[in-house]
Amino acid sequence: MKNIFVQDLRKELVEFQHAHPNLSTDEHKILDQSLENLTQHNVSSSREKIELINQFRNLSLQKSLTPDGKSLLTKLQKSGWLWGLLLQTPFIK
0 MKNIFVQDLR KELVEFQHAH PNLSTDEHKI LDQSLENLTQ HNVSSSREKI ELINQFRNLS
60 LQKSLTPDGK SLLTKLQKSG WLWGLLLQTP FIK
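In numbering that gives the first Met the number 0, the protein residues as written are 0 to 92.
There could be a bad hint or two in this list.
[What the hints assert, rightly or not] Here are the simulated DSS-like pairs of lysine-lysine, each with C-alpha atoms no more than 30 Å apart in a straight line:
| no. | residue 1 | residue 2 |
| --- | --- | --- |
| 1 | 28 | 74 |
| 2 | 77 | 62 |
| 3 | 74 | 62 |
| 4 | 69 | 28 |
Note that these hints are calculated values from the structure, not bench results.
Taking the hints into account, I'd like the entire structure generated from these sequences.
So this is what it looks like as structure tokens:
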């Protein structure tokens with residue numbers, strides 16, 4: 000049985016890339032690498048989400064994060080926090 004709380008990170012990233020064409024080349028490279036990892040390798044989406052958050056935070060520290068990149072970072076951080084909280088509650092398991 001498939002867990003209803005599992006998100007399709009690959010689908011979300013593809014939709015975000017198409018909806019936000021103003022991403023920088025660094026941000027596109029990071030997203031493309033994540034999409035490749037999610038497609039070809041046996042990588043969990045939660046681990047890949049953590050990697051994305053860390054890489055976008057590094058871009059933010061270097062002051063090279065675009066407003067579209069900031070919105071993706073915010074979205075990833077919020078969803079990670081919410082899903083982590085929901086999956087830790089005893090009535091969900």
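Taking the hints in turn, this is what the structure says about them:
1. 28 x 74: Measuring from Cα to Cα gives roughly 19 Å; hence the hint holds.
2. 77 x 62: holds, 21 Å
3. 74 x 62: With Cα atoms ~19 Å apart, residue 74 and residue 62 stay inside 30 Å; holds.
4. 69 x 28: Status holds; Cα separation ~16 Å.
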